[in-house]
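Asker: Using the sequences plus the hints, can you model the full thing?
Heads up: the protein sequence lines correspond to chains A and B, in order.
Going by this note's numbering, 144 is the number at position 144 of the first sequence; the sequence numbering is gapless.
Going by this note's numbering, 1082 is the number at position 82 of the second sequence; the sequence numbering is gapless.
Everything labelled a hint here was simulated from the structure, so no lab data went into it.
For every residue, glycine included, the Cβ atom is placed at its ideal position computed from N, Cα and C.
Any given hint might turn out to be false.
[What the hints assert, rightly or not] What follows is a set of in silico ranges between Cβ atoms, one per label pair, in the way DEER data are often shown: (1) R1038/B with M1/A: 46 to 54 Å; (2) Q34/A with G1074/B: 22 to 30 Å; (3) H1034/B with E51/A: 29 to 37 Å; (4) G96/A with L1228/B: 24 to 32 Å; (5) R1216/B with E50/A: 40 to 48 Å.
[As the list claims (entries may be wrong)] Chain A regions said to be covered by chain B (calculated; three or more residues, Cβ under 8 Å): (6) 62–70; (7) 85–99; (8) 118–132; (9) 141–149; (10) 152–160.
[To be verified] Here are a few chain A residues that sit away from chain B, every Cβ distance over 10 Å (derived from the structure): (11) F7; (12) S9; (13) K42; (14) L47; (15) P48; (16) I77; (17) P173; (18) G211; (19) M221; (20) V227.
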Amino acid sequence: MTPESPFFSDSFRCLKESPLFGQLDEHALLDILQRCRRETWKHRRLLPMEETWQRFHILLSGRVRISRSNPESGRIITLFLHGPGDGFCLLSLLDGQPHDVMLETLDDVSLLTMPMGEARQWIDEHPAFNRMLLPYIGQQMNSLANLSADLALHDTEARLARLILRHIDEAQPEHVEPKLINDLSHESLAEMIGSVRVVVNRQLQHWKREGIVDAHRGYLMVEKLDVLTHRAEQDLSRGLSG
Amino acid sequence: MSPGFSDRESVIALLRRSPLFDSLTDKVLLDMLHHFRRETWKRGRCPAGSGTQQRFHVILSGRLKMGQINPDTGRMVTLFLLGPGDAFDVISLLDGEPNPVILEARDDLELLSTPVDEARRWIEQHPEFNRSFLPYLGRQMRLLADLAGDLALHDTETRLARLILRHIDNGNPAHPLHLIHDLPHEVLGEMIGTVRVVVNRQLQHWQREGVIISRRGRLEIQELEGLLKKAMQSIHRRTEKFQNHR
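Answerer: Structure (structure tokens):
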């Protein structure tokens, strides 16, 4: 993308706000932008990984989810939900191998992309980038570790509570809107915790009656953060007594 | 490394076998060792609050189980089974946050360790380390993605088959299984989110079918094709059930 592009200033602003690129100096950001091309992908598009893993992507707007599926049962588990400023396909960037995942847009998205080889070379040339890349990899690994531990150790109610809490970064006790997941369908929420639509639906209805959340189609608001936090932990003792 | 440390060359030879360090020059490795001290840990759970979280470790020999526990049920899931050449805790090294993991040495361990801050400084001063560090992180992340995917999408039989297949040494099923060949069934269960009795029953069943041999605490693959089928067949089973149901 050249500085003359009509999308240049918006893209530059997005990189400035990104956890992955925000602290880079202007020169490095200009260098990235000039090496990238801008793409737009339509809402609900399923992208073949054979093509996507060969380029590194920086999301400018919209959301993308990266999932695994069991093709025969049709069941899906979402490994990552990415929003503006996130970078993917991180795994292939790191080890140069294809990754057995599905990539799907949840909105109309715009993004910057560059060939993996060039992205790796860029990292080599900009050691300062490590200061952001390494913590970012740490966060992504942490979220996978949490997903695995939740799946193995907690029941559905606790997993759903923990999913919502991980998407809240405000300290206020009531009327908190989770980021990135607040308008997802119950099916998409279920795919983030290894469950199915009907279970998530029933749980949200139950919490709604208890006044813990306010939820209807495409809308989720946490009304009692402390109770939800309690639910995230309490499945354990329930499991023992039950 | 601490002054007076005598077998520096053998330590370097061990590190050379690790994918994390094999591309570093002797000069860089020697510089790295200068920041590390040698430790030995006895087999067993590492006590919480022992300062382990503040240090970054490289395993020279032995195996370490890293997992999360549900304190109320006592149930554990193993996130990583690490062996010689592996490093921990990579996640807290990267993001600077304490990582609530349980560490358990499966064998007596020989380690190198350095304060986390010092490891971070060293990495920053040696950008060439990225060339092996980033692929290593990719592999670790892939293992976590495999675990999450297996837990959410596959039944216990498939998960156990996939676990064993992932530990075939150097692609040769005739070799002893890498890291897991002699683990108790309880520990195998913790690696796939199940319990001892389920793993035990499954292995006995496969043994009767001639797919694996499990004797005197050692696990071997007898028929790779059979195991590969097990890794896939729950999918077929589920489809058949669904079709019959319809």
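Asker: All hints, please: hold or fail.
Answerer: Tested hints:
{"no.": "1", "hint": "R1038/B with M1/A: 46 to 54 Å", "in the structure": "51 Å, holds"}
{"no.": "2", "hint": "Q34/A with G1074/B: 22 to 30 Å", "in the structure": "55 Å, violated"}
{"no.": "3", "hint": "H1034/B with E51/A: 29 to 37 Å", "in the structure": "46 Å, violated"}
{"no.": "4", "hint": "G96/A with L1228/B: 24 to 32 Å", "in the structure": "25 Å, holds"}
{"no.": "5", "hint": "R1216/B with E50/A: 40 to 48 Å", "in the structure": "45 Å, holds"}
{"no.": "6", "hint": "62–70", "in the structure": "holds (count 3)"}
{"no.": "7", "hint": "85–99", "in the structure": "holds (count 9)"}
{"no.": "8", "hint": "118–132", "in the structure": "holds (count 5)"}
{"no.": "9", "hint": "141–149", "in the structure": "holds (count 7)"}
{"no.": "10", "hint": "152–160", "in the structure": "holds (count 3)"}
{"no.": "11", "hint": "F7", "in the structure": "29 Å, holds"}
{"no.": "12", "hint": "S9", "in the structure": "31 Å, holds"}
{"no.": "13", "hint": "K42", "in the structure": "26 Å, holds"}
{"no.": "14", "hint": "L47", "in the structure": "18 Å, holds"}
{"no.": "15", "hint": "P48", "in the structure": "18 Å, holds"}
{"no.": "16", "hint": "I77", "in the structure": "4 Å, violated"}
{"no.": "17", "hint": "P173", "in the structure": "24 Å, holds"}
{"no.": "18", "hint": "G211", "in the structure": "26 Å, holds"}
{"no.": "19", "hint": "M221", "in the structure": "27 Å, holds"}
{"no.": "20", "hint": "V227", "in the structure": "18 Å, holds"}
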